[in-house]
Amino acid sequence: MTVWAILQVLVLVFTVVSAALAVWLRDLLAAALALGAVGLFLSLAFYLLLAPDVAIAQAGIGAALTTAIFILAIRKTRRREEEE
Amino acid sequence: MRRVAQWTATAVLAFAVYLVLATFTGPWGLWAPDELLAGLVIALVVALATGMFVWARGDWRVLQPKRWLLFLVYILGPFPLAMAKANLDVAWRVITGKIRPGIVKFNPNLKTDLGRTFLANSITLTPGTLTVDVDEGTGDFYVHWINVTNESPTPEDVCGPFPSWARRVAE
Amino acid sequence: MNALIYALLAVGTVFNGLGALALIRFPDVYTRIHGATKCTTFGSIFSLLGVAVYGIWQGGGMGGTMAVRAFLALIFLLLTNPTGSHALARAAHRSGIKPFRAVVDRLEEKK
Amino acid sequence: MSVVVRTIARMLVPVGLVFGAYVIMHGHLTPGGGFQGGAVAASALALILVSFSAKELKPVKGLLSALESTGGVAFVVFAFLGIGFTFFANAIAGMGGLFGQPVDYGPNPGYLNTSGTLPLMNWAVGLKVLAGLGSVVLLFALFGEGEDDR
Amino acid sequence: MTRWLRLAAFLVVAGALLLVAGQIRRFGEPRLAEMDLYFNRYSQDEVAANNAVTAIVFDYRGYDTLGEATVLFAAVVGVALILRKVKK
Amino acid sequence: MIVELGFGAAAVALLAFALVCTIRLAVGPTAADRAVALDTINTLVVATMVVVGAAFRLVVLMDVALVYALLSYVGTLYIARYLEGGSW
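Chains as they are written, first to last, in the numbering used here: chain A, 12 to 95; chain B, -8 to 162; chain C, 2 to 112; chain D, 9 to 158; chain E, 1263 to 1350; chain F, 2 to 89.
In short, the hints are calculated from the structure, not lab data.
Check before you lean on any hint, since a few could be wrong.
To be verified - Below 27 Å or equal to it, Euclidean Cα-Cα: the simulated DSS-like pairs (lysine-lysine) are:
hint : chain 1 : residue 1 : chain 2 : residue 2
1    : A       : LYS87     : D       : LYS63
2    : B       : LYS76     : B       : LYS89
3    : E       : LYS1347   : D       : LYS69
4    : A       : LYS87     : E       : LYS1347
Stated by the list, open to error - Output of the computed footprint for chain F on chain C, the stretches with three or more beta carbons under 8 Å from beta carbons of chain F:
hint : region
5    : 17 to 24
6    : 40 to 47
7    : 69 to 81
8    : 84 to 92
What the hints assert, rightly or not - Where chain F lies over chain C, by a calculated footprint (3+ residues, C-beta under 8 Å):
hint : region
9    : 5 to 14
10   : 52 to 59
Keep in mind the model is a prediction, meaning the values are calculated, not measured.
Glycine included, C-beta positions come from ideal geometry on N, C-alpha and C.
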């Protein structure tokens, strides 16, 4: 186990945990926040795989624009997810 | 005339940012001529697009070199000291859990936007205080203080010498 | 020189950890913002300074660029971090979260 | 937002635009390129939107849609430059002169006028992405604000 | 009942994926590496770009980028169409 | 891959602290708590990116960290503005 492998495993675990949170949370604002965390860790995963082009694209889209569009959409609709 | 001055100042600052981004591209650690040309064009376009919106009233005084020197002294001297103190303070409070929080109000008598921003960010990074709101009409600062010793404090009680520094540097 | 770099990295890591710990231990939003902002900003300063020193002393050909990038990231963090915290604190107060066991709340009195 | 956020946004919007332009400009030398730089610059537009109000950017809407069409058309035109060989062939790379010195192997920053049509295509795609993503965020923010005509 | 069914389906799919994951080659050693080797070797000479990714995106795979630009355009048109002002 | 072991160890430690923040992101009672956690994770990840870039001795990687340091703040501002309520 090199340091690199440990880093990759940690980042993948974080990505999966954040994605599960984004599905699990009922508050849509919190889900959007968790989705922001997913983008963050995904960008870090690409970074560790030495793919900086993809990492910059993921950072630029995921850090600001995705969160912005989701929150603008939540503002125009409802914040809580409805029970089935 | 005023608009031309705004554009020029913005273009110079944008060019400086580009140069910092593109360091060590040419011979002897300087800039390649291509980079200089491209940076100039980009700076001009960006300045044309955002020049009239960057400068608020009273921001011109920041352009004096004397204030840059004072800012350098500030960022190297009192500010890191206060930050170190702030972090040790937070460490102590994290471990012991002793807090006595509250939101207090004080008026440091700052007029310009830049001065208020400077003071607010300094307050947020220094011991035990966090700017919650700034009243734009009267200039009152509402500060969340983690260890309230005085319910109607003077500016010096909350943040020490920072208001005078803000006045000297940014106003 | 290696000792200096490792010391800077260690100090930065310790303060970052303190910030994360503060996020868990403090009781309400405002105190959490206190801990998180101050400690992570301070710790990141040390980490990035370690990288800058490493770039200048041992980076080889691209070391200078590395140092410049680290300093730029440092400046961006110093500009944006306290501002984001201020925006969050203000939003929390406006959305009606009361400070935990506050002895005084002048902003509430103003409204 | 408060005065602190607005002042910092005033300082950071030109920096974001310059940084986006830097990423586009160095697309053929360092990581980055048209899409990435356009996204960074569009985030600067989103910063204006959130710190001030959406009405500040309303006059820019026509300019943004014009920029998007210009970028798309320019991209296809630069692709047609290689029509003697194949579509999208980099015809003017390594020609010498203004376009394209041949490059050495390995990373060598600072030689901006290399690689023929690639920087031009980067700029076309960058403008297109900037205008496209910026107008998406702007339309989302403007939707349902008042009765005035959009 | 449906809950158990869902759980069973999840377990079957996850097990199949794990089974396949044991079989794949190591990361960074794909079976068909001819194109990779070609790009690594010749992209700097043919396209004269230091960043091989940009060379691939805008030269070797230019049609993909054209399609991507079309997709972005379609997305913007869709947003503008949905969020327009409806005239009564 | 990792050239400098000290930097690698620091990166692992910083990511482990991000785990602690993820707990706050999961349990935080109000949305403001979660936003603070996300902000902290942003800072930690920027530091991690720079440190890993130094560990790889690759300066071209550091642009990503710059992009994140500049842009993560925009997302935070959107959340704050939504929480503030009222008209924009």
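These are the hints, each one checked on the structure:
| no. | hint | verdict |
| --- | --- | --- |
| 1 | A:LYS87 <-> D:LYS63 | holds (17 Å) |
| 2 | B:LYS76 <-> B:LYS89 | holds (17 Å) |
| 3 | E:LYS1347 <-> D:LYS69 | holds (15 Å) |
| 4 | A:LYS87 <-> E:LYS1347 | holds (15 Å) |
| 5 | 17 to 24 | holds (count 6) |
| 6 | 40 to 47 | holds (count 4) |
| 7 | 69 to 81 | holds (count 7) |
| 8 | 84 to 92 | holds (count 7) |
| 9 | 5 to 14 | holds (count 6) |
| 10 | 52 to 59 | holds (count 3) |
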